[in-house]
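Number of protein chains: 2
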Amino acid sequence: MKEFDLCPRFEAAVGLIGKRWTGLIIEVLLQEPQRFSEIAQAIPHVSDRMLAERLKELEAEGIVDRRVYPDTPVRVEYALTKKGRDLAPVMQALHDWANAWILAPTH
Amino acid sequence: MKEFDLCPRFEAAVGLIGKRWTGLIIEVLLQEPQRFSEIAQAIPHVSDRMLAERLKELEAEGIVDRRVYPDTPVRVEYALTKKGRDLAPVMQALHDWANAWILAPTH
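Protein chains in written order, with the working numbering: chain A, -4 to 102; chain B, -4 to 102.
One chain only, chain A, in its complex shape (with noise of 0.2 Å):
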């Protein structure tokens, strides 16, 4: 392990990523950019009110980049920046760990 002087930017980085939702995001935006109804489509559960709010924040941390397309209509397309790509390792990581050790709950 690294040394514990990270320990600030560990933190906020957890709990950036930690907020309900904020990993399925990231997670569907790996895959391709995608407009807000696809990623509201691909999300279970998550209402479009709070979908949004996670998309500003994400937008905010330059992690999410939110695309207007001049066509008509107006096409937005969200999209994940450099940093917001940057982020797959930690995601593959997480999914190992889920595989092996969550059990799929049946809700």
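Treat the hints with caution; some may be incorrect.
Identical chains blur together in the list; that is why a pair holds if it fits in one copy or across any two.
As the list claims (entries may be wrong) - Listed below are the simulated DSBU-like cross-link pairs for lysine-lysine, each with C-alpha atoms no more than 35 Å apart in a straight line: (1) Lys77 - Lys51; (2) Lys51 - Lys14; (3) Lys78 - Lys14.
Keep in mind the hints are simulated off the structure, nothing from the lab.
Since the structure of chain A is provided, determine the placement of chain B on it from the hints.
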């Protein structure tokens, strides 16, 4: 990325590790088994009550093992189980990302 059928497990894992203080507790215990007071000292700002609550949750999840040694006075140590130690790659990936992308808070 793995297929999306892992999503409920992944969500459960994120929900578990993403709770405030939990990542840091795991981080501290990855170094070695420690007493309550040692963990509390290693994590700035966590209250004893909150730390006790998180340790109980982690014990219930099979991530932390509470070991009681019949010394005088009785000695209690908290150690990671295999399930807990297997989180090391997740923690390392988070560290690497945080180190690259998160500015150290100044507070």
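For each hint, the structure was consulted:
Taking CA atoms no more than 35 Å apart as the test, Lys77 paired with Lys51 passes inside one copy only; the shortest distance there is 17 Å, against 37 Å between copies. Taking identical chains as interchangeable, the C-alpha atoms of Lys51 and Lys14 lie at most 35 Å apart whether they share a chain (13 Å) or sit on different chains (21 Å). In this assembly of identical chains, the alpha carbons of Lys78 and Lys14 lie at most 35 Å apart whether taken from the same copy (17 Å) or from different copies (22 Å).
Consistency note: the structure conflicts with none of the earlier hints.
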